[in-house]
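Asks: Here is how the chains run, residue by residue.
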Amino acid sequence: GNSVTQMEGPVTLSEEAFLTINCTYTATGYPSLFWYVQYPGEGLQLLLKATKADDKGSNKGFEATYRKETTSFHLEKGSVQVSDSAVYFCALYLSNFGNEKLTFGTGTRLTIIP
Amino acid sequence: DTAVSQTPKYLVTQMGNDKSIKCEQNLGHDTMYWYKQDSKKFLKIMFSYNNKELIINETVPNRFSPKSPDKAHLNLHINSLELGDSAVYFCASSHRLQGEQETQYFGPGTRLLVL
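Chain order of the listed sequences is A and B.
Residue numbers for the first sequence follow the working numbering, beginning at 1 and rising by one.
Residue numbers for the second sequence follow the working numbering, beginning at 1 and rising by one.
Pulled out of the complex, with its shape left as it was, chain A reads as follows:
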């Protein structure tokens, strides 16, 4: 079946540090890939997405590149801020005979300290 594996959290960084959150996937087919972010006490928000190999998604200084050869979609940001503290979810979306659904990773909690 389809699955998403994220690096275990929690991750704690100092403000302005470089961030990488690893995400790899297993899928039968060609999925679209997503990063969602969940701020404390809120629902999930789409952060960025990529729909085919070599696409780069970007938003709010975050980037992720769809790497088919390594089945990865790692999230990066060059300089994190305290306001980036949240839980980050990697997800894949695959349409399978009309049965479309998002499959999420387990989430990575990120804390940025001033």
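Note that these hints are calculated values from the structure, not bench results.
It is possible that some hints are incorrect.
Said to hold, decoys possible - Taking lysine-lysine and the DSSO-like style, the derived pairs with C-alpha atoms no more than 27 Å apart in a straight line are:
id, chain 1, residue 1, chain 2, residue 2
1, A, LYS77, B, LYS41
2, B, LYS22, A, LYS77
3, B, LYS22, B, LYS36
To be verified - Interface residues of chain A toward chain B, partial, derived using beta-carbon atoms under 10 Å:
id, residue
4, THR5
5, GLY9
6, THR12
7, GLN38
8, GLU42
9, LEU44
10, GLY78
To be verified - Which stretches of chain B does chain A cover? Using the computed rule of at least three CB atoms under 8 Å from a CB of chain A, they are:
id, stretch
11, 40 to 54
12, 77 to 83
Computed from a prediction, not measured in an experiment: that's the story for all the values here.
Glycine included, C-beta positions come from ideal geometry on N, C-alpha and C.
For this one, chain A is given, so just place chain B on it according to the hints.
Replies: Chain B alone, transformed into the frame defined by chain A:
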């Protein structure tokens, strides 16, 4: 204007009770979903409806019954609540196009605590 709204935001109840959570979206989407997020933040789909028709039903106990009166609403009724049902339940919606993956928009969540 809230795109996907859920009520109530918090729900505390006793074991054995029956409760409902409501979801409404004003995005004009034709597909709606229910997800369950456990205490470890693991998020898993429960159901999805397209144009009021059930299209995904994961292995969820039949105590959980979704109902979609129209495309803009998807309610979740839970019978005989158990301690293990305590979680955050998220509603989401999207516009389903054949062969095109679409972004899902999530509600703020309903935090259910069963005592």
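Asks: Against this structure, judge whether each hint is valid.
Replies: Here's how the hints hold up against the structure:
The hinted pair formed by LYS77 (chain A) and LYS41 (chain B) meets the criterion: a straight-line CA distance of about 23 Å does not exceed 27 Å. Between LYS22 (chain B) and LYS77 (chain A) the alpha-carbon distance is near 37 Å, which puts this suggested pair outside the 27 Å criterion. In summary, the hint linking LYS22 (chain B) to LYS36 (chain B) is supported, as the alpha carbons are separated by about 14 Å, within the 27 Å threshold. For THR5 (chain A), the interface hint is violated, since its Cβ never comes within 10 Å of a Cβ in chain B; the closest pair sits about 13 Å apart.
Because the beta carbon of GLY9 (chain A) sits about 9 Å from the nearest beta carbon in chain B, less than 10 Å, this interface hint is met. Given hint, THR12 (chain A) at the interface with chain B, is violated; its Cβ is 16 Å from that chain's nearest Cβ, farther than 10 Å. Residue-level restraint check for GLN38 (chain A) holds (minimum Cβ-Cβ distance to chain B is 8 Å; threshold 10 Å). Given hint, GLU42 (chain A) at the interface with chain B, holds; its Cβ is 6 Å from that chain's nearest Cβ, closer than 10 Å.
At about 4 Å, the closest approach between the beta carbon of LEU44 (chain A) and any beta carbon in chain B falls short of 10 Å, and the interface hint on this residue holds. Checking GLY78 (chain A) against chain B: minimum C-beta separation of about 25 Å lies over 10 Å; hint violated. By the rule of at least three residues with a Cβ nearer than 8 Å to a Cβ of chain A, the coverage given for the stretch 40 to 54 of chain B holds, with 7 such residues. Three residues within the 8 Å Cβ limit are the bar, and the stretch 77 to 83 of chain B against chain A gives 0, so the coverage statement is violated.
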